[in-house]
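Asker: If you're matching them up, the sequences are chains A and B in order.
Residue numbers 1 to 308, in our numbering, belong to the letters of the first sequence in order.
Residue numbers 1001 to 1384, in our numbering, belong to the letters of the second sequence in order.
Treat the hints with caution; some may be incorrect.
Stated by the list, open to error - Computed list of chain A residues with no C-beta within reach of chain B, every gap over 12 Å:
hint: 1; residue: 99
hint: 2; residue: 137
hint: 3; residue: 261
hint: 4; residue: 269
hint: 5; residue: 290
What the hints assert, rightly or not - Okay, derived cross-link-like pairs now, DSS-like style, lysine-lysine, Cα gap no bigger than 27 Å in a straight line:
hint: 6; chain 1: A; residue 1: 122; chain 2: B; residue 2: 1065
hint: 7; chain 1: B; residue 1: 1282; chain 2: B; residue 2: 1343
hint: 8; chain 1: B; residue 1: 1295; chain 2: B; residue 2: 1073
hint: 9; chain 1: B; residue 1: 1295; chain 2: B; residue 2: 1282
hint: 10; chain 1: B; residue 1: 1282; chain 2: B; residue 2: 1192
hint: 11; chain 1: B; residue 1: 1346; chain 2: B; residue 2: 1295
hint: 12; chain 1: A; residue 1: 69; chain 2: A; residue 2: 116
hint: 13; chain 1: A; residue 1: 43; chain 2: A; residue 2: 69
hint: 14; chain 1: A; residue 1: 116; chain 2: B; residue 2: 1282
hint: 15; chain 1: A; residue 1: 186; chain 2: B; residue 2: 1192
hint: 16; chain 1: A; residue 1: 306; chain 2: A; residue 2: 269
hint: 17; chain 1: A; residue 1: 46; chain 2: A; residue 2: 69
hint: 18; chain 1: A; residue 1: 69; chain 2: A; residue 2: 272
hint: 19; chain 1: A; residue 1: 116; chain 2: B; residue 2: 1346
hint: 20; chain 1: A; residue 1: 186; chain 2: A; residue 2: 116
hint: 21; chain 1: A; residue 1: 122; chain 2: B; residue 2: 1346
hint: 22; chain 1: A; residue 1: 272; chain 2: A; residue 2: 46
hint: 23; chain 1: B; residue 1: 1282; chain 2: A; residue 2: 50
Hints in this document: simulated from the structure, not taken from any laboratory.
Backbone N, C-alpha and C fix where the C-beta goes; we use that ideal spot for every residue, glycine too.
Letter by letter, the chains look like this.
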Amino acid sequence: MRFVCALAVLAWATPAVAQDVTSRDVRFYSEGIQCYARLYLPKNFKPDAKAPAVVLAPGWMQTEPSIDKYAARFAARGLVAMAIDYRGWGRSGGYVYLAEPIRVDDRQRFSQHTAKVRIRRKRLLPVDQVLDIRNAVAYLQGEPGVDPARVGIWGTDMGGGHVVVAAATDARIKVAVAQVPIIEGKDAPRQAAPRPPELHAAELRLARSAAVPAAPTPAGADAETRLALADYHPFWFADQIADTTAILFVIAEHDARVRNDANAIAASKAMKGPTGVTVVNGATHGLATPGAFETAADAAAAWFLKYL
Amino acid sequence: MAFLRGLRVFVANLLRVSSGEQPRDRFRVVRTTICAVAAILSFGRGASAQIPTDIVERSRADLQKQAANAEMKREGGTQPQDWAYSLPDGVSTRQVTFYVDGGFPLYGKLFLPRGFSARAGRWPAVVVGHGINAISIGIEKYAARFADRGLVAMAIDYRSYGFSGSEVSLLETDATTDERSVWEREARVQLKRTDLNNLHEVDDFRAAISFLQGEPGIDADRIGIWGSSNGGSVVIMVVEQDPRVKAVVSQVAGVGNRPAAGPVAIPPAALADSIQRARTGKGAEVDGGFSFRTKIDLWSNQANREFRPGSAVDRIPETTKILSIIAEHDELIPAAGAPDAAKAFKGTWQVVVVPYLTHFQMYSGTAFEVGSTLAADWFLKYLK
């Protein structure tokens, strides 16, 4: 009966999700940078209650609007959902540098100035993005009406890899969903490899020059991004996730971007706690085929509702 | 080579004896046997992965005196008189700026050994990094000592410490958009000093390595790193990520292990602080302690607890040579960390205990002589 009800609700709710759900812009701070998120609240949300909540993290070069619909759908299922922009992307603030040096003595810990600044955006630094997800979790823990002990994380594509790292490094995160995650494959060496010569030369240039490094483009990654990615190994974290943490992997059957067996499926096998792999049949990496989004989002929502 | 020649003659003679052939010279068998045994013994000693530590034994009485001397107690940190040194003859210095995180300026002071020439020769080089709330000034004397021993050495300030740049945050709304990747403007900013962050310190070391590798006259294949106290933990984290480092010295450093399962716990005060920080951009401070009396963020202590270099020694290339120098009565560092990590490591990781001393006594007097000599010996042995 519940199943039939659920189906009925889904069928009714799909186009009209936003009617029950309210949303608003919020700002959270990640290492001093003011970041943007859209907060979705379920129907009948009460600030004096204790609702479960989820942080949603976008993929490679993506911003909050790309994952909005997942947040709305989670909220329709009773979860508080916060879809974020990483620092330097979308409506979040960028990386701030002084364009001209200002000398401050260490004894003056904080000082205020009017200064020429350089703000860098559109960088793809995975370690920073993981911290943005974790700081969004902290923000939600302080949100009236959210149960601070029941905050999960969801990430897609690159964000799916971040989910694995965040779950391994942050004791607050007990439930996670990694969708079409990019997790450096299980067969990747467990030790850092020397850089290819051309990338090594770029690393030396970056350390010896004040010039602003290039930004990544959809056509290809710049040296700074390639260096950061070469240092980033989510799979190394997979076996460090606590046995009390529940992680679901949602994958596309025909994913041409990542090899499911070497990424999500292998990572799931490395988990000590509750885990599962949901395959979205017929779908590709973007989960854009008819019904794929709904299947993927509902599998994630069900996982959060079960384990949060 | 003498050893191999002796061994060949010895084996050849043995074969002749065992085949019943009369050796041309009976005494030659005896002589070559003795030679071969001696050669094997000396070969074993010469090929030892360890450095001799007789300086520790020779200095034992002086170390005991230093430990007992009321004037040499260093309970709260080092003192300005511990930082003083005179530049060795022939050693020159140069201040340099290098960059991390795509444009963040860091300070380094290069110590160039006697006879150094950017145009002649390929010199080994060492990055020298300080501990918590210390700055490069306090450890320049190690760099000077290494240069005196023939190594290029670079003492560095980490991000937001000493002469390095400050952490910058905007005091106004950031109106920049993804339309461009770089924006220049005038803005109200807040600068922050002493932002302790091991994740950043690892990158600061790596940027310093890159700087040295690109410096004329330096052999990019002979790079070492030296770190003391918290910096000694950071250098282990560096080699867990960066295969360019050939030799490491970690002095009076914690090399912790991760808890058996899962991430490090977050106590209630740190949890409350992280929430406040995420919602307001401001958090609590605690006394950063030690040689400089500045505050640090409460969250910094929590974040640094996440890094347990002892739990990832399998990520260090086995060809990396590591020396840990421990103070016997270190009041800040659990004694078992470095020895346990050394045992878990498949390559060479020597542990030397300097007797009688507490943590901050390592930086002065006889202890400095012992610690800096062992470190220089290590680098000279493994950056050859």
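Asker: Does residue 46/A lie within 27 Å of residue 272/A when you go C-alpha to C-alpha?
Answerer: violated, 35 Å
Asker: CA of residue 1346/B to CA of residue 1295/B, is that 27 Å or under?
Answerer: Answer violated: residue 1346/B to residue 1295/B is near 39 Å, above 27 Å.
Asker: Quick one, are residue 186/A and residue 116/A close enough, alpha carbons at most 27 Å?
Answerer: violated, 46 Å
Asker: Keeping to a limit of 27 Å between CA atoms, is the pair of residue 46/A and residue 69/A held or broken?
Answerer: Status holds; Cα separation ~22 Å.
Asker: Please work out if residue 43/A and residue 69/A have their alpha carbons no farther apart than 27 Å.
Answerer: holds, 16 Å
Asker: Check the non-interface label on residue 137/A: least C-beta distance to chain B beyond 12 Å or not.
Answerer: violated, 8 Å
Asker: Confirm or reject: residue 290/A is not an interface residue toward chain B, with every Cβ-Cβ distance exceeding 12 Å.
Answerer: The claim holds: residue 290/A sits with its nearest Cβ about 30 Å from chain B, beyond 12 Å.
Asker: Next pair to validate is residue 116/A with residue 1282/B; report whether the Cα-Cα distance is within 27 Å.
Answerer: holds, 23 Å
Asker: With d taken as the least Cβ-Cβ distance between residue 99/A and chain B, does d exceed 12 Å?
Answerer: violated, 6 Å
Asker: With the threshold set at 27 Å, check whether the alpha-carbon distance from residue 1282/B to residue 1192/B stays at or below it.
Answerer: It holds: about 12 Å lies between the C-alpha atoms, which stays within 27 Å.
Asker: Take the C-alpha atoms of residue 1295/B and residue 1282/B, compute the straight-line distance between them, and say whether it is at most 27 Å.
Answerer: holds, 14 Å
Asker: Can you confirm whether the C-alpha distance between residue 306/A and residue 269/A stays at or below 27 Å?
Answerer: holds, 20 Å
Of the hints listed earlier, those the structure fails to meet are numbers 1, 2, 6, 7, 11, 12, 15, 18, 19, 20, 21 and 22, in rising order.
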